[in-house]
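Asker: Letter by letter, the chains look like this.
Protein chains: 2
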Amino acid sequence: MLIQAIHHLPKNNYAFIVNDKEVEIRIQTGPEVKKVEIIYGDKYDWDSTVSQLDMTVLGRDELFTYWYCRLYCPAKRITYGFKVYGPDQVIWVKETGYTSEPIEGHRELFDFPWVHVSDALTISDWVRDAVFYQIFPDRFANGDTSNDPTNLTPWDSPPTPTSFYGGDLQGIIDKLDYLSELGINAIYLTPIFTAPSNHKYDTVDYKTIDPHFGDLSTLKKLVNACHNRGIKVILDAVFNHIGWYSPQFQDVLKHGNQSKFADWFNISDFPLRTHPNPNYECFGFVASMPKLNTTNPEVKEFLLDIAEYWIKEANIDGWRLDVANEIDHQFWRDFRRRVKAIKPDAYIVGEIMFFAGPWLQGDQFDGVMNYRLTEALIDYVAEGKIDSKEFTHQLNKVLFYYQRSAMLGNLNLLDSHDTPRFLTRCKGNKKLFKLAAMLMFSLPGAPCIYYGDEIGMEGGHDPDCRRGMIWNKAKQDGELLDWYRRLIAVRRNHPAFSRGDIEVLNLGNLAAWKRWWQGEEYLVLANPSL
Amino acid sequence: MLIQAIHHLPKNNYAFIVNDKEVEIRIQTGPEVKKVEIIYGDKYDWDSTVSQLDMTVLGRDELFTYWYCRLYCPAKRITYGFKVYGPDQVIWVKETGYTSEPIEGHRELFDFPWVHVSDALTISDWVRDAVFYQIFPDRFANGDTSNDPTNLTPWDSPPTPTSFYGGDLQGIIDKLDYLSELGINAIYLTPIFTAPSNHKYDTVDYKTIDPHFGDLSTLKKLVNACHNRGIKVILDAVFNHIGWYSPQFQDVLKHGNQSKFADWFNISDFPLRTHPNPNYECFGFVASMPKLNTTNPEVKEFLLDIAEYWIKEANIDGWRLDVANEIDHQFWRDFRRRVKAIKPDAYIVGEIMFFAGPWLQGDQFDGVMNYRLTEALIDYVAEGKIDSKEFTHQLNKVLFYYQRSAMLGNLNLLDSHDTPRFLTRCKGNKKLFKLAAMLMFSLPGAPCIYYGDEIGMEGGHDPDCRRGMIWNKAKQDGELLDWYRRLIAVRRNHPAFSRGDIEVLNLGNLAAWKRWWQGEEYLVLANPSL
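Which chain is which? The protein sequence lines are A and B, in order. Everything in the first sequence is counted per the numbering used here, starting at 2 for the first residue and increasing by one. Everything in the second sequence is counted per the numbering used here, starting at 2 for the first residue and increasing by one.
Rather than coming from a laboratory, the hints here were simulated on the basis of the structure. Fair warning: there could be bad hints in the mix.
A pair counts as met if it fits within one copy or between any two copies, since identical chains are not told apart.
[Said to hold, decoys possible] Derived PhoX-like pairs: lysine-lysine, alpha-carbon spacing no greater than 20 angstroms straight-line:
hint	residue 1	residue 2
1	313	301
2	12	95
3	36	428
4	476	84
5	22	12
6	386	95
7	261	301
8	222	176
9	95	36
10	95	390
11	344	313
12	301	341
13	344	12
All chains should be built: construct the whole structure from the sequences, respecting the hints.
Answerer: Quick look at the structure:
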């Protein structure tokens with residue numbers, strides 16, 4: 002038996018709360034293991050409570066088999082060990098190591114000391130059932146030409162890093178019939194606060210809507226109109242950095258270390274310079290996006306107040322957190338507390354492109370933008386770099402590395418304003434693109450459609466992936482639009498896909514998984530190379 | 002190569018902050034691996050920053066080799082992968098899996114997105130340098146007979162669960178010369194607040210000193226006298242449960258679900274009953290210790306106020322947290338915030354007998370009572386169940402499973418009021434006992450001497466381990482006392498033992514480790530069977 006393949010340590014993705022009397026326990030073993038039993042009991046009454054249960058296979062990848070079980074904990078505490086059956090050997094796995102001797106007593110075992118639902122990651126119903134639509138406001142629809150920037154780029158021309166198209170919040174309001182008909186029930190807007198760029202990730206004033214997009218009343222009107230249609234709205238919280246032209250950074254540029262905002266940033270020395278590299282912390286090395294010192298209580302309060310303000314003022318339903326992993330954990334803990342205090346079902350989803358476990362323990366985010374799944378779909382469907390078996394392996398990793406509710410709280414995406422369009426990655430092959438979309442809709446995590454994907458828009462790397470939305474029906478791909486409408490309808494009508502459990506299967510050259518929920522069960526099969 | 006033996010995921014004990022520009026990265030491999038390199042760079046400037054470095058062996062156990070390195074991060078962010086050299090194969094380890102292809106670019110690698118020292122676990126200097134002395138006040142010294150309970154048990158008689166001996170805070174004050182001479186520089190007192198039992202884990206009033214122990218002025222006098230001698234004082238925070246005779250629980254007993262304290266507890270149904278089991282949550286099944294509902298904001302505020310009160314009022318230096326793992330994480334996060342706000346170098350140490358990683362991430366505790374080390378020392382030294390090799394394996398597990406600062410913040414102990422005395426476990430064999438003490442003093446983590454261990458007191462399971470302190474010099478073991486004085490002096494004079502790095506060595510039938518700090522280096526060798 003590959004004893005070294007066995008891995009388990011309590012909490013994180015290996016032991017977590019399901020509900021007030023139930024925990025899920027997982028263990029990783031080598032592929033040769035045929036059976037795993039869990040031996041468990043209440044450590045304060047071990048002898049009369051010790052029980053055992055067979056564990057179930059959660060999934061497999063190229064190296065490991067992942068097992069799980071759910072344990073009912075009447076006294077809210079569980080101490081446990083494992084009995085692992087190899088081909089020619091049985092071993093017991095304890096916190097202190099591996100033995101060939103049966104477990105006696107609980108001293109060396111693993112412990113889940115108390116089930117506190119307050120520590121669990123719980124996902125709001127609306128998030129589990131959400132189908133998101135991501136809008137880059139300058140490029141979606143121009144509903145009010147009176148607020149257009151000067152020197153507009155014609156709607157159908159290719160974007161440059163600095164072009165403006167005139168899209169705005171009124172444009173979105175005008176297109177709500179389209180979105181309702183599509184069937185989505187949540188919108189994610191990239192930044193809308195006052196900022197000089199077209200993407201507005203260089204905020205100048207977090208408390209005003211960019212005048213080219215509208216104003217507070219336009220946003221309220223948009224949110225109300227959405228809510229009336231059962232559509233939730235989340236905004237983009239760009240709290241990692243502020244814009245060069247913000248009054249705070251301008252003050253530091255002007256007054257140097259005498260500025261009352263000097264401690265809002267991390268500056269190596271004065272005066273500020275931008276060449277060869279900035280002498281202050283930035284997003285990446287982008288001088289126009291100075292990083293905020295979120296460990297300064299004044300900065301923290303400034304930002305948390307903004308997080309509350311837009312919920313209270315415009316009744317938005319949550320926040321997508323830009324560059325979320327470069328801000329301190331303590332900031333996000335306070336962010337969660339403040340946001341959930343005024344809107345308990347608000348959605349908090351972080352932009353993290355790598356493993357995000359440390360942010361998904363119940364104290365910070367509800368989910369992350371699931372770029373690991375995006376990449377697996379690109380490799381599998383768009384670029385054919387991995388086969389069905391390898392894809393299910395990647396999928397199992399994504400599923401195993403997070404606790405179950407984080408999986409349901411993630412935002413799944415084929416592409417975004419930061420990546421080439423998926424259809425373009427497929428070199429325009431609609432069959433592949435449709436397959437990828439179907440897979441995304443059938444997996445745990447809220448699917449997020451990047452505006453225009455549903456009508457066949459193409460585009461390479463930023464800024465090409467940010468073209469003006471095609472509203473001319475003759476130029477929209479009706480077949481794709483119909484496909485998306487069907488996918489959305491299936492997902493929204495069959496909670497097995499949004500709320501259900503998942504089991505990834507091994508079916509020869511097909512990627513396959515089951516989803517089930519309250520008596521309904523579906524089997525999803527795929528092979529892009531057939 | 003045993004590819005399945007390889008394990009790494011960012012944060013927790015695998016990737017953590019050392020200081021504002023340095024992170025430590027660790028990886029686990031099989032024992033056959035001869036070399037590991039880390040390939041790392043800044044993902045925003047990958048091509049011109051990518052570098053590589055050989056990793057160092059941190060330790061080995063029966064199954065794994067543990068490697069580490071420290072990476073300097075000028076831009077405060079590091080993305081990385083590993084190159085692992087097996088006997089006949091080289092593989093690259095990425096977040097997405099294992100390949101035989103060299104790493105190109107950073108997309109699939111591991112990421113430590115930003116070094117925020119505010120998220121790091123940092124241990125106060127005094128804690129790293131501390132030698133603790135644990136006192137069970139009823140049994141240490143009776144300095145004020147006027148506050149004695151009635152029906153005292155004679156000081157030299159064996160304890161029963163209900164016997165009182167008359168020890169008090171004045172007694173401790175009277176014995177400070179003894180403690181100073183011993184050389185300790187920190188005291189941990191088991192509970193001293195008003196409670197009916199002799200152990201006082203059944204609190205009635207958290208804001209008054211038990212009248213049999215003294216009063217607020219006695220505590221202040223004790224803390225001042227200690228501080229004047231350079232001795233810190235921490236108290237026992239029994240916040241998991243309250244006592245049956247507390248006014249809060251009495252009110253619920255009297256008024257049932259009409260009590261304003263009904264939500265302070267988790268009660269299944271009314272009226273309360275205690276047989277066959279309590280119908281309310283308790284510590285274990287102990288009806289006289291009803292568990293507090295620490296997720297109730299009123300209860301939380303009540304307890305956090307107490308945590309602050311004794312720091313402000315009596316200037317204590319920290320808290321030992323009773324049954325710490327059965328209280329919710331959110332409570333402890335707020336506890337840390339409130340305590341550190343008024344005393345930044347306060348010590349917060351949790352009683353957790355199992356793996357405590359989830360509490361040692363920087364947001365909750367500074368350390369835990371290191372019972373896993375205690376158990377390894379019992380098995381190795383006292384009971385001879387494991388040999389030197391197995392002991393170093395257990396030690397390596399303890400060292401690897403926590404990040405480095407947690408290791409220095411742990412409280413190491415041979416025994417306590419909850420376990421048999423170590424000398425008794427050694428069946429009175431002083432040579433073994435002296436060895437165990439030496440090992441404890443030479444390892445990372447603050448050693449904690451349970452009162453009387455240093456003069457050879459014996460005692461089996463509770464209550465026998467809680468005998469009255471022997472003050473008659475003729476009955477004290479002078480050889481042991483001298484041994485302890487020397488151990489304490491060596492540790493306090495040579496920071497390699499308190500602040501230094503550690504490397505556990507493989508030296509045949511000896512357990513061995515190096516400790517070093519600023520040019521000083523020591524080698525510790527042991528074998529209890531020689």
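Asker: All hints, please: hold or fail.
Answerer: We went through each hint and held it up to the structure:
Taking the shortest Cα distances, residue 313 and residue 301 sit within 20 angstroms of each other inside one copy (18 angstroms), while across copies they are farther apart (27 angstroms). For the identical chains of this complex, residue 12 and residue 95 are intra-copy neighbours only, at 15 angstroms inside a copy versus 23 angstroms across copies, given an alpha-carbon limit of 20 angstroms. Proximity of residue 36 and residue 428 under a CA criterion of 20 angstroms is satisfied in neither setting, with 45 angstroms inside one chain copy and 42 angstroms between copies. In this assembly of identical chains, the alpha carbons of residue 476 and residue 84 never lie at most 20 angstroms apart, being 61 angstroms within a copy and 50 angstroms across copies at closest.
Taking CA atoms no more than 20 angstroms apart as the test, residue 22 paired with residue 12 passes inside one copy only; the shortest distance there is 16 angstroms, against 29 angstroms between copies. Only between protomers do residue 386 and residue 95 lie at most 20 angstroms apart by alpha-carbon distance; the minimum there is 17 angstroms, versus 40 angstroms within a single protomer. Taking identical chains as interchangeable, the C-alpha atoms of residue 261 and residue 301 lie at most 20 angstroms apart only when both belong to the same chain, with a minimum of 15 angstroms there against 36 angstroms between chains. In this assembly of identical chains, residue 222 and residue 176 lie within 20 angstroms of each other by CA distance solely inside one copy; the values are 13 angstroms within and 74 angstroms between copies.
Taking CA atoms no more than 20 angstroms apart as the test, residue 95 paired with residue 36 passes inside one copy only; the shortest distance there is 17 angstroms, against 29 angstroms between copies. Proximity of residue 95 and residue 390 under a CA criterion of 20 angstroms is satisfied inter-copy only: 19 angstroms between copies versus 32 angstroms inside one chain copy. Proximity of residue 344 to residue 313 under the C-alpha cut-off of 20 angstroms is restricted to the intra-copy arrangement: shortest distance 9 angstroms within a copy versus 35 angstroms between copies. When the C-alpha separation of residue 301 and residue 341 is checked against a cutoff of 20 angstroms, the pair qualifies both within a copy, at 17 angstroms, and between copies, at 18 angstroms.
In the homo-oligomer, the alpha carbons of residue 344 and residue 12 never lie at most 20 angstroms apart, since the shortest distance is 27 angstroms inside one protomer and 30 angstroms across protomers.
Consistency note: the structure conflicts with the earlier hints numbered 3, 4, 13.
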